[in-house]
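The task is simple: from the sequences and hints, build the whole structure.
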Amino acid sequence: MCELYCPVDALYVAPQVDPLAQIDETFLTESELLGSYRKNIGWGDKRTSNAQEDLTYQVLKQMK
Numbered sequence: 000m001c002e003l004y005c006p007v008d009a010l011y012v013a014p015q016v017d018p019l020a021q022i023d024e025t026f027l028t029e030s031e032l033l034g035s036y037r038k039n040i041g042w043g044d045k046r047t048s049n050a051q052e053d054l055t056y057q058v059l060k061q062m063k
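Residue numbering for the sequence shown follows numbering that gives the first Met the number 0, beginning at 0 and increasing consecutively.
You may find that some hints are simply not true.
[Claimed, not checked] Quick list of simulated restraints, FRET-style, between CB atoms:
#1 Q51 with Q21: 33 to 43 Å
#2 P14 with G43: 15 to 25 Å
#3 Q61 with E24: 35 to 45 Å
#4 M0 with D44: 17 to 27 Å
#5 P6 with S30: 15 to 25 Å
#6 A13 with G43: 11 to 21 Å
#7 Q61 with T28: 38 to 48 Å
#8 Q61 with M0: 23 to 33 Å
#9 M62 with A9: 33 to 43 Å
#10 P6 with E29: 13 to 23 Å
#11 E2 with E52: 16 to 26 Å
#12 M62 with I40: 16 to 26 Å
No wet-lab data here; the hints were simulated from the structure. Positions of the beta carbon are idealized from the N, C-alpha and C atoms, including for glycine.
Below you can see the structure in the form of structure tokens.
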């Protein structure tokens with residue numbers, strides 16, 4: 000949730016990583032990973048939410 004709520008896209012939470020792996024800010028910046036989860040789901044200023052495309056959202060919508 001921290002990555003989602005960071006207003007300046009300064010966080011990246013790796014889904015799988017070895018503890019203390021050698022990942023630095025330069026690598027994350029060049030790889031465009033900082034804030035990538037937030038960007039991919041459409042959170043933030045000047046972004047469009049794409050929640051409607053999420054399969055879970057579609058299932059829950061059908062249940063109403």
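Checklist entry - When you take the CB atoms of E2 and E52, is the distance between them in 16 to 26 Å? => result Hint holds: Cβ distance 19 Å, inside 16 to 26 Å.
Next on the checklist: If I claimed the Cβ atoms of Q51 and Q21 lie 33 to 43 Å apart, would that claim hold in this structure?
Outcome noted: With a Cβ separation near 39 Å, Q51 and Q21 satisfy 33 to 43 Å, so the hint holds.
Checklist entry - Within 33 to 43 Å or not, the Cβ separation of M62 and A9? => result holds (37 Å)
Next on the checklist: Taking the Cβ atom of M62 and the Cβ atom of I40, is their distance within the range 16 to 26 Å?
Outcome noted: The hint (16 to 26 Å, Cβ to Cβ) holds, given that M62 and I40 are roughly 21 Å apart.
Next on the checklist: Taking the Cβ atom of P6 and the Cβ atom of S30, is their distance within the range 15 to 25 Å?
Outcome noted: holds (21 Å)
Checklist entry - So does Q61 sit 38 to 48 Å from T28, Cβ to Cβ? => result Given about 40 Å between the Cβ atoms, the range holds.
Checklist entry - Could one say that the CB atoms of P14 and G43 fall in the range 15 to 25 Å? => result holds (20 Å)
Checklist entry - How does the Cβ-Cβ distance of M0 and D44 compare with 17 to 27 Å: does it lie in that range? => result This hint holds: roughly 18 Å between Cβ atoms.
Next on the checklist: Holds or violated: the 23 to 33 Å window for the beta-carbon distance between Q61 and M0?
Outcome noted: holds (26 Å)
Next on the checklist: Given the hint of 11 to 21 Å, is the C-beta distance from A13 to G43 inside that range or not?
Outcome noted: holds (20 Å)
Item to check | Assessment of proposed distance window 35 to 45 Å (beta carbons of Q61, E24) | outcome: holds (43 Å)
Checklist entry - Is the gap between the beta carbons of P6 and E29 within 13 to 23 Å? => result holds (22 Å)
The structure is consistent with each of the numbered hints, conforming to all of them.
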